[in-house]
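From first to last, the protein sequence lines are chains A and B. Just so you know, we're using our numbering here: the first sequence kicks off at 1 and counts up by one. Just so you know, we're using our numbering here: the second sequence kicks off at 1 and counts up by one.
It should be emphasised that the hints constitute simulated quantities derived from the structure, not laboratory data. There's no promise every hint is true.
[Stated by the list, open to error] EDC-like cross-link-like pairs, simulated, lysine to aspartate or glutamate; straight-line CA separation at most 16 Å: (1) Lys2/A / Asp83/A; (2) Lys310/A / Glu232/B; (3) Lys167/B / Asp65/A; (4) Lys11/A / Glu161/B; (5) Lys107/A / Asp83/A; (6) Lys334/A / Asp244/B; (7) Lys295/A / Glu253/B; (8) Lys334/A / Glu253/B; (9) Lys332/A / Asp244/B.
[Stated by the list, open to error] Quick partial rundown of chain A residues pointing at chain B, CB under 10 Å, derived from the structure: (10) Thr127; (11) Arg250; (12) Leu327.
No residue lacks a Cβ here, since even glycine has one placed at the ideal position from N, Cα and C.
This is what each chain is made of:
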Amino acid sequence: MKTLVYIDQFKGAVQPASWEALGVAKDLGPAVAVLFGAGLESVCKAAFEMGADEVLLADDSGLTDYRAEAFASTLAELAASEDPDLVLFPTTTRTRELAAMVAIDLKTGVLVDLTALSNDGGRLTATRPIYEGKLLENVVCTGKPIIATLRSRAFPRPSRDEKRSGTPRKVQAQTASPTSVTGYEVAEQALSVSDASVVVSGGRGVSNNAALTPPAGLDESGAEIWRAQQGFKLIGELAAALGGAVGASRAAVDGGYIPYSHQVGQTGRVIAPDLYVACGISGAIQHIVGIRAAKLVVAINKDAEAPIFKVARYGVVGDLFEVVPALTEAFKNKLGK
Amino acid sequence: MKIVACVKQVPDSEAKITASAGQISWGDSPLVINPFDEYAVEGALLQREAQGGSVTALCIGAESGKEALKHALAMGADDAILISDPSLGSLDTQGAARILAAAITKLGGVDVVMFGRQTLDDGSGLTAAQTARILGWPMLGFVGHITAEGASLQVARIIEEGRQNVKAPLPAVLSIVQSIGEPRYPSFIGIRKAAKAVIPVWALSDLGMAPPPAIVSRLELITPPSREITCELIKGDSAAVIADTLAEKILAEKVL
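Chain A extracted, bound-state conformation (with noise of 0.2 Å):
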């Protein structure tokens, strides 16, 4: 079975999930690794490093900046040449909407935020989470090729053989777009949260430290928002110990204590990272159905009572002011950093 297989990138760096993407098609049979914009030399090399056993370089300027309409367009005409059996991507933001135009071009179907692909003799069978994960279909396209997306960390990473090499084949670019790209305002966070194998998350309760002092001249909110942005730092210290990302809660994002790129369930990312902290949330079920798929769930917050506690291996009822420096100091010294 031919896969093409998307590269999502962003000014060259790559959603890893792109990777999951290249390894799942290696054991279904050649995987042609699939990139568009300009510069990329060091991610084609990557790709071959990867496992791509060809690399497919669609090399303009005109595809630096991603615009649904050209990538599209480049994509679907690239598959209609190539006549693969399946066409794989991360899911992504940019990948949802460029798997279902390309689909609508080839008219085919997607199956789309997979986290499992079994193939039958040559038939495929997707399995994706529904009612935000608390059923999971078998779903089937019968169009060609087949366009699925997978979900982030739902495969294994293929490890990388800097060995392998190779020499990118271009091919042709469709840049017209009625769209243009006016700027960017890149995130603070280079790690995302659906990236992350570790998450340490902070919630409302992350604003409830009265023992610090607002600055003078902040109002109410002013100085809620002051307060849990020192939360948050120590939430941060933790995700540094341990390598991970910050995520929040709704109310924390909803409080404006940090931007929503952070947040985590259902309004959120879904996310799937093998240790999950989460500290002063309480754990609705819109949180809870972000994190379903953690390996590991650990909970810091001083109510007893709060659901999180319902879907967490380890808690601990206290204050988290004091147990998440602790934790950091603590695995500091364990991981010896």
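Given the structure of chain A, go ahead and fit chain B onto it with the hints provided.
Chain B only, in chain A's frame:
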């Protein structure tokens, strides 16, 4: 500005969802407007307030879908249309997109179509982009801020790496995310108006189309294995002792 907000009706997020004999059940939990779609309605109302014009809520579904539309009307939408047809069985996302595109074309003169990011039930998040592609209109996904500039829109897309600012000509299709602002609560007057509203129902024949064949279909439903978790509470005389014990427990799980 003529704005369409596409909404769906889904079981409430608190509902216990079960599968039996290939059928999904949510017990006696209420059906509600898809929470993600409330942001689409909010985005549409904000643009109407800034630019003038009208907001039409559009829903594909059974007769009960009128309740989701009434929620949009109660929030402030001007009118609503339900697309309902007994021949609609297993729609996949491209089928839904074809129907919505036909309805938007039938409405005529639409400047902006707004969707939620995804639905709570199927969770595909594909329909907005597929509708845009079928209409041949620009797709602006994950929009958290909108400024209208004459016949074009300037939007901020909330992506993994931060915000991407994009300009697009109208008409366009947008999916809206929560940075747009908290969806307003239906007002008392809005609720009364919605209760009295007569919502037109369009059948597929009104759109001049047959039921679109499904390309993606479900083979089976699986109830995920329930994970029995008992929480072990870590206790100690001081934060340092508790932290030390907890760190040891976490390390012993070998997840790091």
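Hint check results:
{"no.": "1", "hint": "Lys2/A / Asp83/A", "in the structure": "holds (8 Å)"}
{"no.": "2", "hint": "Lys310/A / Glu232/B", "in the structure": "holds (10 Å)"}
{"no.": "3", "hint": "Lys167/B / Asp65/A", "in the structure": "holds (13 Å)"}
{"no.": "4", "hint": "Lys11/A / Glu161/B", "in the structure": "holds (10 Å)"}
{"no.": "5", "hint": "Lys107/A / Asp83/A", "in the structure": "holds (13 Å)"}
{"no.": "6", "hint": "Lys334/A / Asp244/B", "in the structure": "holds (9 Å)"}
{"no.": "7", "hint": "Lys295/A / Glu253/B", "in the structure": "holds (10 Å)"}
{"no.": "8", "hint": "Lys334/A / Glu253/B", "in the structure": "holds (14 Å)"}
{"no.": "9", "hint": "Lys332/A / Asp244/B", "in the structure": "holds (11 Å)"}
{"no.": "10", "hint": "Thr127", "in the structure": "holds (7 Å)"}
{"no.": "11", "hint": "Arg250", "in the structure": "holds (8 Å)"}
{"no.": "12", "hint": "Leu327", "in the structure": "holds (4 Å)"}
When the structure is compared with the earlier hints, no violation turns up for any of them.
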